[in-house]
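With chain A's structure known, arrange chain B on it following the hints.
Chains as they are written, first to last, in this note's numbering: chain A, 1 to 53; chain B, 1 to 158.
Watch out, some of these pointers could steer you wrong.
Said to hold, decoys possible - What follows is a set of in silico ranges between Cβ atoms, one per label pair, in the way DEER data are often shown:
no., chain 1, residue 1, chain 2, residue 2, range
1, A, R14, B, D86, 28 to 38 Å
2, A, G41, B, S115, 43 to 53 Å
3, A, R47, B, G128, 29 to 39 Å
4, B, E126, A, D45, 24 to 34 Å
5, B, R13, A, K27, 44 to 54 Å
6, A, F48, B, D131, 26 to 36 Å
7, B, Y76, A, I42, 30 to 40 Å
8, A, A5, B, D39, 13 to 23 Å
9, A, G41, B, K3, 45 to 55 Å
10, B, S115, A, D45, 36 to 46 Å
11, A, A5, B, K18, 50 to 60 Å
The set of hints was computed from the structure by calculation and includes no laboratory data.
Think of the CB as a built atom: it goes at the ideal place given N, C-alpha and C, for glycine as much as any other residue.
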Amino acid sequence: MKSEAAEIVFKKKRERRRRLAGLPFEKKIEIVVELQKAAAGIRKDPRFKPWEL
Amino acid sequence: MEKTLQVIEEMIRLGIIKAYAIGGGIAATYYIEPVLTYDLDVFFLPIYDFARGRGYAEEAEALIIEGFPVQFIPAYNDLVREAVTDPAILTYRDVEAKVVKAEYLAAIALQTGRSKDRERAVRLLESGSVDRAALAGILEKHSLAEKLKNIEGGADEK
Chain A
1 MKSEAAEIVF KKKRERRRRL AGLPFEKKIE IVVELQKAAA GIRKDPRFKP WEL
Chain B
1 MEKTLQVIEE MIRLGIIKAY AIGGGIAATY YIEPVLTYDL DVFFLPIYDF ARGRGYAEEA
61 EALIIEGFPV QFIPAYNDLV REAVTDPAIL TYRDVEAKVV KAEYLAAIAL QTGRSKDRER
121 AVRLLESGSV DRAALAGILE KHSLAEKLKN IEGGADEK
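Excised from the complex, chain A in its bound form (with noise of 0.2 Å):
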């Protein structure tokens, strides 16, 4: 049996993904470049370094 809360969460995050692949390409690889910074941000490892655009 599905918990209706989870499902409605995970509708949302359907529908954020959705959003999210719809945007252009360039704006998608600044949002690629922002996770890379979160993540530099969190574990700061010389191997991975953000981009510069």
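Coordinates of chain B only, in the frame set by chain A:
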């Protein structure tokens, strides 16, 4: 990144590589939501096919091109070779580059089969960017149809 893409295109014009298509996380990002990645993966066909026939080893090379780490991955099997010779075109800041088609990206992910690849395949299928008939043909040709059934049977809805 546009300069990086221009340099890769230039490699074809100069005859350094015969064909290429962007794969991996950046190709996935083209079709689905952005994913964390640090390399621009480029599948390529070497200009000299005879090298493989003569038993010379093909080694992947990571190069920094215009500030971006580019992982050059020789097309390592028939599926990847097919993906490289039948790419889609992406445009980044007015620069056109070849990218692995969504159907091939899903098939390669299914073939590779790590957990992140399986997840990528599911995301691609959910995104609507995959032509299911074309994918079915590719999977049939490369004996991967069963892998899709396993994914769809086990895919959760999150």
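To see whether the hints hold, each was checked on the structure:
1. A:R14 - B:D86: 28 to 38 Å: At 30 Å between Cβs, range holds.
2. A:G41 - B:S115: 43 to 53 Å: 25 Å, violated
3. A:R47 - B:G128: 29 to 39 Å: At roughly 35 Å between Cβ atoms, B:G128 and A:R47 fall inside 29 to 39 Å, so the hint holds.
4. B:E126 - A:D45: 24 to 34 Å: 31 Å, holds
5. B:R13 - A:K27: 44 to 54 Å: About 29 Å separates the Cβ atoms of B:R13 and A:K27, which means 44 to 54 Å is violated.
6. A:F48 - B:D131: 26 to 36 Å: 34 Å, holds
7. B:Y76 - A:I42: 30 to 40 Å: 33 Å, holds
8. A:A5 - B:D39: 13 to 23 Å: Cβ of A:A5 to Cβ of B:D39: about 39 Å, so the range 13 to 23 Å is violated.
9. A:G41 - B:K3: 45 to 55 Å: Between A:G41 and B:K3, where Cβ atoms are some 27 Å apart, the hint is violated.
10. B:S115 - A:D45: 36 to 46 Å: At 21 Å between Cβs, range violated.
11. A:A5 - B:K18: 50 to 60 Å: 54 Å, holds
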